[in-house]
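First to last, the sequence lines map onto chains A and B. Under our numbering, think of the first position of the first sequence as 823, with each following residue one higher. Under our numbering, think of the first position of the second sequence as 644, with each following residue one higher.
Hints listed in this document are in silico derivations from the structure and should not be mistaken for laboratory results. Some hints could be false.
[What the hints assert, rightly or not] Sample of chain B residues lacking proximity to chain A, with all beta carbon distances greater than 10 Å (derived):
1. Asn658
2. Met663
3. Arg684
4. His693
5. Ser697
[Claimed, not checked] In silico lysine-lysine, DSS-like type, Cα no more than 30 Å apart, as pairs:
6. A:Lys915 x A:Lys856
7. A:Lys824 x A:Lys960
8. A:Lys913 x B:Lys661
9. A:Lys856 x B:Lys661
10. A:Lys1070 x A:Lys1040
11. A:Lys850 x A:Lys958
12. A:Lys1114 x B:Lys764
13. B:Lys764 x A:Lys850
14. B:Lys785 x A:Lys915
15. A:Lys1070 x B:Lys764
16. B:Lys788 x A:Lys921
17. A:Lys824 x B:Lys785
18. B:Lys785 x A:Lys921
19. A:Lys921 x A:Lys856
Beta carbons: idealized from backbone N, C-alpha and C, even for Gly.
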Amino acid sequence: MKISLFLGCLVPNRYPGIEKATGICLEKLGIDWKELEGASCCPAPGVFRSFDESTWLALASRNITSSETDGRDVLTICNGCYGSLADANLKLKNSPLLKEQANSHLSQIGCHFDGTVDVRHIIEFLYSEIGVQEIKEKIVRPLDLKVAVHYGCHMLKPSSSRATSSVERPYVFDELVEALGCTSVDYPDKMECCGAGGGVRSALGETALAITEHKLGKIEGADVDCIVEACPFCHMQFDAGQVSLAGKGREFGIPVIHYSQLLALSLGYSPEDVGINLNEMDCSDFCNLLSK
Amino acid sequence: MAGAPSIEEVIEDFNVLKCMQCGVCSGSCPSGRQASLNVRRLVRKIGRDHAAISDESLWMCTTCYNCQERCPRGIEIVDAILAMRSIAAHEGLILERHRHVANLLQEHGHAVPIDNAHKEKRIQLGLNSLPSTVHSHPDDLKDVKRLLSSCGFGEITGGEAQ
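Extracted from the complex, chain A is given alone in its bound form (with noise of 0.2 Å):
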């Protein structure tokens, strides 16, 4: 299996760690990967697909013909970008209008969608093409954390254009995050959003706030050491939606990471390679913690 890593926005420009992280998996694991050089913001599909249909699918379409070129599946490492191109690439491989629609656009820059490759979710990708045992073995440091598991939206939703299987109940992620030492902590209201897309973060950011708090509210009651989640704006959105939070007088003091960041640390990375120190909330205790 051989792959390209879209970098998507928030990663490389926000929360580079995840960025660290997601290579220093791959390579461990023996995946044949590169980054997917030159790509553009996915487009955001909460924003820009609102916006105008044949723009998102311009520009989705441009950075999956780039790792059509190599003959890779896109890999994404955000639910955002995996819902963005995901959903793309299936409506452009089912309909022959929309694709010429996107291809005469793309005509314009010398490129061509044809249609010949997949675009993965890092969680989906590990589960199926690596699998739970695997991944077990090839840890050298099992991790005794209580953790809450967010799966985000747009990683399961819409299902009738995602590969994973439940919804409402899915058992995917919450197996990955224990095949690294951890418990995956059931809490309430587990499988609902974190506030942050549909562009309600960018435009109506005390809506979105309120979301957040909410779930926060649920994980707290949890007593998790941590968030584990697979989307840096989900991982935005908890970990700098909890500074703003603090500011109100709502304190949380719960840490956000990556799965990417998560299984880098039980392969024996430590919090610092792998950017943990570098959230926007105070994850110092944390990082004592996972540095013992």
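Take the given structure of chain A and dock chain B to it, following the hints.
Just chain B now, kept in the frame of chain A:
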């Protein structure tokens, strides 16, 4: 220039008139718990009132897809909301912050471009200060700009602020 669908197409394509107003959508909506978004009412409005395109609650949807997954009538609610937003955007109804994000995309090829603080974080991690995206490839950024122009994106987002 690319076009938006008509409201009639939205109603037809996404089964909007199958709604029986059961409220499963509203009961499943994380935004509805916190803000004035009432999905059940919004679906009814889309089905009978063209003023739905200026309903501000259209933009409160986080696109979590709970309502669409659970709708017992198979209405593609989120897809309908996205299509209604597109009609609104083509008529110039775009929130100021969204217009700002659109401008960032047009200028940098990223909705969230790099800044100095995060270049520092990258260097601290042993990464290049700029990622291997359009940030490191000016020719690719030119291609992205050419595509955006071919789609007429600037004309859609360049109108007066709401």
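Check each numbered hint against the structure and report the violated ones by number, ascending.
-> 9
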